[in-house]
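Enquirer: My request is simple: use the sequences and hints to build the entire structure.
Protein sequences, first through last, are from chains A and B.
Under our numbering, the first residue of the first sequence carries the number 1, and numbering increases by one thereafter.
Under our numbering, the first residue of the second sequence carries the number 113, and numbering increases by one thereafter.
Keep in mind that the hints were calculated from the coordinates and are not lab data.
Fair warning: this is a prediction, and the values are worked out from it, not measured in the lab.
Heads up, some of the hints might be wrong.
As the list claims (entries may be wrong) - A few chain B residues facing chain A, derived, Cβ under 10 Å:
| id | residue |
| --- | --- |
| 1 | Q150 |
| 2 | Y158 |
| 3 | Y199 |
| 4 | I201 |
| 5 | R203 |
To be verified - With a straight-line cut-off of 25 Å between C-alpha atoms, the simulated DSS-like cross-links for lysine-lysine are:
| id | chain 1 | residue 1 | chain 2 | residue 2 |
| --- | --- | --- | --- | --- |
| 6 | A | K100 | B | K181 |
| 7 | A | K78 | A | K24 |
| 8 | B | K212 | A | K68 |
| 9 | A | K24 | B | K212 |
| 10 | A | K100 | B | K164 |
| 11 | A | K24 | A | K68 |
| 12 | B | K212 | A | K78 |
| 13 | A | K68 | A | K100 |
| 14 | B | K181 | B | K164 |
| 15 | B | K212 | A | K100 |
| 16 | A | K100 | B | K115 |
| 17 | A | K68 | A | K78 |
| 18 | B | K115 | B | K212 |
| 19 | B | K181 | B | K115 |
Glycine included, C-beta positions come from ideal geometry on N, C-alpha and C.
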Amino acid sequence: DAGVIQSPRHEVTEMGQEVTLRCKPISGHNSLFWYRQTMMRGLELLIYFNNNVPIDDSGMPEDRFSAKMPNASFSTLKIQPSEPRDSAVYFCASSLSVGKLFFGSGTQLSVL
Amino acid sequence: DAKTTQPPSMDCAEGRAANLPCNHSTISGNEYVYWYRQIHSQGPQYIIHGLKNNETNEMASLIITEDRKSSTLILPHATLRDTAVYYCIVRVATNFGNEKLTFGTGTRLTIIP
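Expert: Shown next, in the form of structure tokens:
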């Protein structure tokens, strides 16, 4: 199994630009999570899906952030417009068993 | 979910057992203890979880006290590759609707050659 696949690994963009992060969960997993990690705030859950349906998006910082899961094998996290304070590592994770998450390698986002 | 308390950092000599403590004095009867670790620049990795009995797998052992107010993760023969931040998380293992995990600050474990 290839594990959770995230792309791109690194993204550098300018303030105001749209950023789209992508995630392919492990096949057969029915829950998908988006986390953000910074030095100041640690690992924060942004949103999670169950069976492609968003269940809890209370961690999404503001309307500039949106996430979709059009099918069981793909999810996107979009930031529009991006701001320097969005700079962070964004992780995607998937799971089949409650509490046992498998994380991707993350996307390092830098907004200049 | 119950709150956990972990020491911010620990050192352990290579080849020795690393014992990482976690306090969760407000844990409820239906809450499990989960352990994850995060090696530098990688995503968190699941290690082990348990409810009240001690658990062991190929990575580690989990010892939960009888009153369940604290637990210890044991890496039996630590190697340099075990240097990471270790997170102790307590949560209810329910199904649909409440799967999220909340990570605290964890313990930064450094294995010393």
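Enquirer: If a hint holds in the structure, say so; if it doesn't, say that too.
Expert: Right, here's what the structure says about each hint:
| no. | hint | verdict |
| --- | --- | --- |
| 1 | Q150 | holds, 8 Å |
| 2 | Y158 | holds, 5 Å |
| 3 | Y199 | holds, 8 Å |
| 4 | I201 | holds, 8 Å |
| 5 | R203 | holds, 6 Å |
| 6 | A/K100 with B/K181 | holds, 22 Å |
| 7 | A/K78 with A/K24 | holds, 15 Å |
| 8 | B/K212 with A/K68 | holds, 17 Å |
| 9 | A/K24 with B/K212 | holds, 19 Å |
| 10 | A/K100 with B/K164 | holds, 17 Å |
| 11 | A/K24 with A/K68 | holds, 12 Å |
| 12 | B/K212 with A/K78 | holds, 21 Å |
| 13 | A/K68 with A/K100 | holds, 22 Å |
| 14 | B/K181 with B/K164 | holds, 10 Å |
| 15 | B/K212 with A/K100 | holds, 10 Å |
| 16 | A/K100 with B/K115 | holds, 19 Å |
| 17 | A/K68 with A/K78 | holds, 8 Å |
| 18 | B/K115 with B/K212 | holds, 14 Å |
| 19 | B/K181 with B/K115 | holds, 11 Å |
The earlier numbered hints are all upheld by this structure, with none contradicted.
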